[in-house]
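Chemist: Chains as they are written, first to last, in my numbering: chain A, 343 to 577; chain B, 343 to 577.
Hint data in this document are derived by calculation from the structure and do not stem from the laboratory.
One copy or two, it doesn't matter: identical chains are merged, so the pair holds either way.
Computed list of lysine to aspartate or glutamate pairs in EDC-like fashion (alpha-carbon distance at most 20 angstroms, straight line): (1) 523 to 442; (2) 523 to 391; (3) 363 to 542; (4) 438 to 519; (5) 567 to 515; (6) 558 to 571; (7) 397 to 424.
2 protein chains.
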Amino acid sequence: MRLLLISNSTNAGEAYLDHPKQHIKNFLGNTPRTALFIPYAGVTISFNDYENRVKERFNEIGHHIQSIHHFKDPVVAVKKAEVIIVGGGNTFYLLKSLQDHKLIKPVREKVLSGTPYIGWSAGANVACPTISTTNDMPIAQPASFNAFHIIPFQINPHYLDTNPDGHAGETREMRIEEFIKVNRNVFVVGLREGTMLLIENDTIQLIGARNVRIFKFGHHPVELKQGDDFKFLLT
Amino acid sequence: MRLLLISNSTNAGEAYLDHPKQHIKNFLGNTPRTALFIPYAGVTISFNDYENRVKERFNEIGHHIQSIHHFKDPVVAVKKAEVIIVGGGNTFYLLKSLQDHKLIKPVREKVLSGTPYIGWSAGANVACPTISTTNDMPIAQPASFNAFHIIPFQINPHYLDTNPDGHAGETREMRIEEFIKVNRNVFVVGLREGTMLLIENDTIQLIGARNVRIFKFGHHPVELKQGDDFKFLLT
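Bound-form chain A, shown alone (with noise of 0.2 angstroms):
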């Protein structure tokens, strides 16, 4: 399996897919692709907007992309993918969507064979057992929260440290602690603004300048960088 699966879409004061184009470039090489774009956890854009809006940057890195909406079956486009795009938004939006047009299976098993995936934000979280990790607000309610499973453990994207000055609501930290207390024998993988994970069938490499902090029931959090091994994740 080989899949990118990035924090965020968008660094702060950045383009738009800008900070990962050079690294999803380098992910789908040369040749010119068409991926198959599925753009569910889009709720506040519509799906041709969202579909142009990613298009545009793929075109710059010479690939193509076709939005999963426009096609009569959506389970056949998935089996006739050459590469899945799952992108960012509502997480559970995108898993009730998913659900509903019962993708699970059909791109678990597309990708446990080789397709390539790239998922940003919601599309890297739902690459994971379930999506229990998410930071979105439930404003669907999914049939349940198991998810593609292609890895198995849990990513929080868009890590971060500390809450605004003056507040007071839980940290993701602290959230992330919850989260192993239930669920005990999982990693969670905080994945700062600016990283991703490149995975190739049992390797694992961090890719981006900053940290990850891995969480583990029993443990105390670790930092790693890029070049440090990852490989315990995928066993």
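Starting from the known structure of chain A, arrange chain B on it as the hints suggest.
Modeler: Then chain B, alone, in the frame of chain A:
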């Protein structure tokens, strides 16, 4: 019905339950009362510790609490309660526990028939129709997102205006815009830290120095302050 729905237990830099203490005293009055405390939102704190923490503060204002986890039959405990208090923590975990203990209907009926209700953070959220405006992480999956539905509108507790500097994840306003896009007939009250709503039958007042921000699909968000008319939320 009488409810005191508080955004947050604790303001940044202050002691636990310090900011709402005087308002809780005003709400409960001078005659000593024993309230039933529901600690189910607590994940990384034991129910005993959570109870003691809350008890200490209630004792300071001349009232007493007993946690529901000491009762053999929680439904009976609710039916006999003088006052019901639901503390903060993880909203998903709280709702799942309430559902597992079959407490949704008993609490709703008890409060609608006049028993005072105090809730902060997750405990304010579950008084709403659903938990779909929580900020919490979905660490456990409730059977449904439907909550007590004692009030007809949604609260977003710990409402905040900005992300920390340099962070590009969705702002709270963007998340609520997604909610109202999908749930068009529901008002959402962004309840900033340090504020609370006092609801007495068909009257509703804001308590606290900061504005609330009100969201409804198709309307520009509105800022309202203490003394303003909030009756529209109850109709």
